[in-house]
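A.B. asks: Chains as they are written, first to last, in my numbering: chain A, 1 to 295; chain B, 1 to 288.
It is worth saying that the hints were derived from the structure and are not from the lab. Since the model is a prediction, treat every value here as computed from it, not as a measurement. The reader is advised that the hints may include incorrect statements.
Unchecked claim - Below 30 Å or equal to it, Euclidean Cα-Cα: the simulated BS3-like pairs (lysine-lysine) are: (1) B/K275 to B/K173; (2) A/K173 to B/K275; (3) A/K173 to B/K16; (4) B/K60 to B/K74.
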Amino acid sequence: MTRLWQRRFFPLFVLPTLLCYTLLFLVPLALGIYLSFCRFSTVDNATFVGFENYLKVFSSGDGFLRSMLFGLGFSILSVICVNLVALALALLLTRRVRGAGIFRSVFFMPNLIGGIVLGYVWNLLVNGILSNFGVDITYRASYGFLGLLTLNIWQLGGYMAVIYIAALLAVPKETLEASRIDGATPWQTLLFIKLPLILPSILICGFLTFTNAFKMFDQNLALTGGAPEGETMLPALNIFNTFYGRVGAQGIGQAKAVIFLIIVALFSSLQFIRRKEEEPLGKKNALANTLPAKK
Amino acid sequence: MERKMLSQIPFLRKNKEQLITLAILIPLALLFLFPVLLVLYNSFKGSVYISNEPFALPDKESFVGVANYLVGLKQSGFFGALFRSFFITVSSVLLLALASSMCAWFLHRMGGRVSRILLGVLIIGMVVPFQMVMYTTTFITGKLGLASVYGMPLLYLAFGASLSVFILSGFVKGIPVAVEEAATIDGCGVVRMFFGVVMPLLTPALITVSVLNAMWIWNDYLLPYLVLGSDNRTIPVAIQLSMTGAYGSTNLGGLMAMLIFSMIPIVIFYLFSQKYIIDGVSQGAVKG
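Just chain A, with the same shape it has in the complex (with noise of 0.2 Å):
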């Protein structure tokens, strides 16, 4: 293929795709960059303050601080959570049950519903049995963080145990059989080999679980609004509510952008790193782990 081939069908093949992600995508990600240090109520009357946002991000008390603090507790708990319920489900639909596939399609379709649909059928749900002690979710933030933790894992259970399924296929049927006839009880198969076989299926549904689960927005607005009093608030929603719910207050909304982006690409290049330690894991797996959860 030459060089000539080359420059003249660029234009067509490459240059759509990427006038669209440089517009849209690129020249706002450096614009919002460069507003984080500005003063500004539209992107027209920007004045340069420095840093003065940032600092104002940590002093201005609006709960930014908690969101996270209140993020990073509800991923924890989330990755926890998710994970055992995927693993379970994956170790039951692997058992060579009848109508699996069915199962595995019930546990999965929470994830075509999207965050906003799925926020208001909890909102029923979870309303629906504290009306019966006269309170609702917006009543203390325990019930708002419960109800968002049973929510992700109804939705993210489904998934990452297709994820497991896959991966638990792949163990080596020589290997099962070897420790059956040494002997070995189903729960030791399982934590001595299973377990230790898929650890690199565990670590990505772990970070995709984490990075959504700290990213989350259309549920956290659907389901809480951040109520009571912004207790419940993920980082997600607080910025959206600094840029569009307070006069003047842009600029910091945009610091703690670039302070949530930050974290966020901090832990999803942690992904990247481990891949390369984790080669020879076969094509699939090693695509897997390269991909972070999207927004």
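Once you have looked at the hints, place chain B on chain A.
C.D. replies: The following block gives chain B in isolation, referenced to the frame of chain A:
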């Protein structure tokens, strides 16, 4: 004694195992289905009954037929939202599939430093949370005059290109260069090569990518909300706004119907493309 003998017959033992597994799986499946079923049967109840007794099945008193569905369709222009969501999802998914496969293939065949840099730059999109760019993207979209239903596909191309190009790259690498060289020797031009030789080979990957994109775009809330606002709502925006809008008390019955309306298309879609969704997920690709 007899029981022991029976359990030694492999067929029966296997059956017993199956029964135990099923005994766990069936209640679990019902538990997973329950939230959706709850909305489904509440959608046939009057609003008062939904908020007072959400768990009660519809009975003679509370049953209102399809009245909620009629209310839901009229409420906050839901019919237009349905149409808009369809248009945006379909056109964005097609554009993404076409543009990102062309881009992925060309960059990989081009080789060299420029293409490596461009592919690297394209990856950035996967680690940047939307909150980082939501304000500035909305601003620039407005400046460029793209803040319309017709501009949305371009926005989704910008935000979806990273993941799509990335997944497709893996498959492009799998196409033997020999096939393309043979076509070149036979006098096949670049454009015809892509559409005649490469794209057919990429079809399975394209379907997987498209299915994942469709689920993301259909359900996306924030981007259409910020760009199109409340005048041109998509389904998720219509649902959210009808809950928080200036309508005073929300019509719960209408909301239930809207929730069901928003789920039906995606569930039908899933039934037809299940294999590709599961494939996409086990490859680690992630929904939006």
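A.B. asks: Which hints from the list above does the structure break, by number from lowest to highest?
C.D. replies: none
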